[in-house]
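Each chain is listed here by its residues.
2 protein chains.
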Amino acid sequence: MIIGLRCRECKKEFSPSIRYVCDDCFGALDVIYDYDSIHLTKNLLANRENNMWRYKELLPVEPQDSLYSFHSGWTPLIKASKLAKALGLNNLYIKNDSVNPTFSFKDRPAALGVAAALNFGLEAVGCASTGNLAAATAAYAARAGLPCYVVIPSSIEQSKISQAQAYGATIIAVEGTYDDSNRLAAQAGEYYNIGMVNINLRPYYVEGSKTLAFEVAEQLGWDVPDTIVVPTASGAMLNAICRGFEELMEIGFVRNTPATIVAAQASGCNPISRAYKEGKDVIMPIQQPDTIAKSLAIGDPGDGIYVLRRLRNNGLAEDADDDEIIEGCRLLAQTEGIFTEPAGGVAIAVLKKLVEQGKIGKDDKIVCYITGNGLKAPDVLQSILPRPIVVKPELKALSSILLGG
Amino acid sequence: MIIGLRCRECKKEFSPSIRYVCDDCFGALDVIYDYDSIHLTKNLLANRENNMWRYKELLPVEPQDSLYSFHSGWTPLIKASKLAKALGLNNLYIKNDSVNPTFSFKDRPAALGVAAALNFGLEAVGCASTGNLAAATAAYAARAGLPCYVVIPSSIEQSKISQAQAYGATIIAVEGTYDDSNRLAAQAGEYYNIGMVNINLRPYYVEGSKTLAFEVAEQLGWDVPDTIVVPTASGAMLNAICRGFEELMEIGFVRNTPATIVAAQASGCNPISRAYKEGKDVIMPIQQPDTIAKSLAIGDPGDGIYVLRRLRNNGLAEDADDDEIIEGCRLLAQTEGIFTEPAGGVAIAVLKKLVEQGKIGKDDKIVCYITGNGLKAPDVLQSILPRPIVVKPELKALSSILLGG
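Residue numbers (numbering that gives the first Met the number 0), protein chains in the order written: chain A, 0 to 404; chain B, 0 to 404.
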């Protein structure tokens, strides 16, 4: 079903291969499909297993057995009645990716990246990442039986990458900046023929996040939300989700795409939201991101300009500061029992602000993407939680607590 | 479908009510069903939603909407080919409860406990717990809109209960021992009419873990494993899983129950395994549990004697020390990409030992229950993980690493 790769800028086409920038203009490459050759029906889908590979016709690589059997994706879409009420909404859903196999949405692109690596016969994979992607790539590599190299700046605390290490990844800590470690990862990928999932396999990798659109539409009974709220860092996930809905329309599964796309950013790293609000057409990088939402702290978003164009057409952007983010996490946990990392708090906080600003309709069908697990950043909420109430082991010690005194 | 409660010892029966010990003999109470009135078919099940409530006819309480919509249970059963190979087995599955909504198997009993509390019209819930159960009870209480009181000894570090706090639970830290805090929780439940899920709602609560049997059988195409490996603390989960398989046979869904039941314990808290291996018929409590598997550190297991009787009939028990537990976690993560807390490492380590001892057949169909998420105890594996390899930001610095030098 995949025809090849195409430059997003000059439209030059390439056969399917390990490359990520255009030879001519250095533009980003996207996978292209022959939609006419796709023979997929809703009935066919209804009989497939509940994982992200059910949409294989719309993905660039078919999974090997070791990857297929991991039950990736098809995470719950939860009707969030109590949170909706707290926000003054009537029709709110949470897409809960905190229960993916490695506990974030990064399972989706990492699965595609590792599948592509196997497909191209590569003998090792890796990534430049300090968090969720490192864990996801390491886990899929473990299942595939490939060594995994995670490249990070040496300033990162080891606790942030221990999940990836547990899966057996080798951690390469570069004495330098994030840019230094990204550049070294890119060089290593090329020189040593390593599938760096978010670099030289990026065109395949990003396709994984389209399943966040496919699943939502199918879980809504092949309906499309009016509004989607997407935590946004590089912008790759937001772009992929939008393309996912567009592809469903292309193959006739839905009649429209979401009317409003919301990019949710942290105020301490808001290059897209700032450009949107200031009416700019270019993204000014944030030199020193400063936010508790570490997984959104990308100061120079690779897909930022494409996201901005989408938002100008039919979207909104807003950002939330650290206090608002924590309050977003708290609100989601205490109304819906869903414990998310700060990036999820960003989505809830931004939704709250936009409702208060009157920019989102109370009766809109809204889907809010919760992309990671609260256990990934246990220190964040802990800082504001109350101390336990200490009592003697006597029933009378409880009276003021349990009677609401 | 539920007739009432029955004393496990003297068989006295009670109508469905908030009680957990027999008036006459202080025996534990179990829920009893009228199996003849259950009209459940496999086809009926096949059309239900993929969550634990699909087996509602075999559960004591029907869920309220707020609980039903949480997508609890129906966690993946993963064919573990690489782990099987590492252990010299041919037919091994992992039941992965690390991806339940609150990231452990405790979602199952907590869901039943909170559903029962709502059913009985109680206005608050709680539990005596320091870990997974506290988090689960707090999350289901949040969804149900009930206050939640978690009673712990004051010596527990706050980090262990921050997930429960995030969901809005009030933490009551008792100046005293575990026994003191359990006793105070029991008194508070009775005096203040609080549904303490693992105390006064225990007969309903424990039924939730039966779904670990129902799901495995259905996911195997209504087949039953030859051998199940169950991390064991109080013994309530192992007992419930066994009753789950027995009930499926009772209603004609399967033709047998697992031939071999394995109770997997930590060597630092092994009252059941020790009694089994020493040929005793009573359980001698462990006074000072000392193991990294904190969620299994119950020195005086309430259901221990019932587990022991089952094991004498068709089971095995074994325990694993801290090094073996960590190695079990590492092995599972690096072969299957599944990151578990130490209790899961106990199950893998015990399976490994029993295979090496020749007590489990290589071709047996084995299901190993992984009951909690590795992010719950991030310090455990971290202690043995290698330091990252620090390099300068130059390609040549990688040659010895990437060429396997």
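Think of the hints as simulated: they come from the structure by calculation, not from any bench. Treat the hints loosely; a few may be bogus.
One copy or two, either will do: identical chains are not told apart, so a pair holds if it fits within one copy or between any two.
[What the hints assert, rightly or not] Straight-line distance between alpha carbons at most 30 angstroms, and here's what the computed DSS-like set of lysine-lysine pairs gives:
hint : residue 1 : residue 2
1    : Lys41     : Lys78
2    : Lys364    : Lys81
3    : Lys55     : Lys81
4    : Lys41     : Lys364
Each hint, compared with the structure:
no.	hint	verdict
1	Lys41 x Lys78	both (23 angstroms within a copy, 28 angstroms between copies)
2	Lys364 x Lys81	within (15 angstroms within a copy, 43 angstroms between copies)
3	Lys55 x Lys81	between (35 angstroms within a copy, 24 angstroms between copies)
4	Lys41 x Lys364	within (22 angstroms within a copy, 35 angstroms between copies)
Checked against the numbered hints above, the structure violates none of them.
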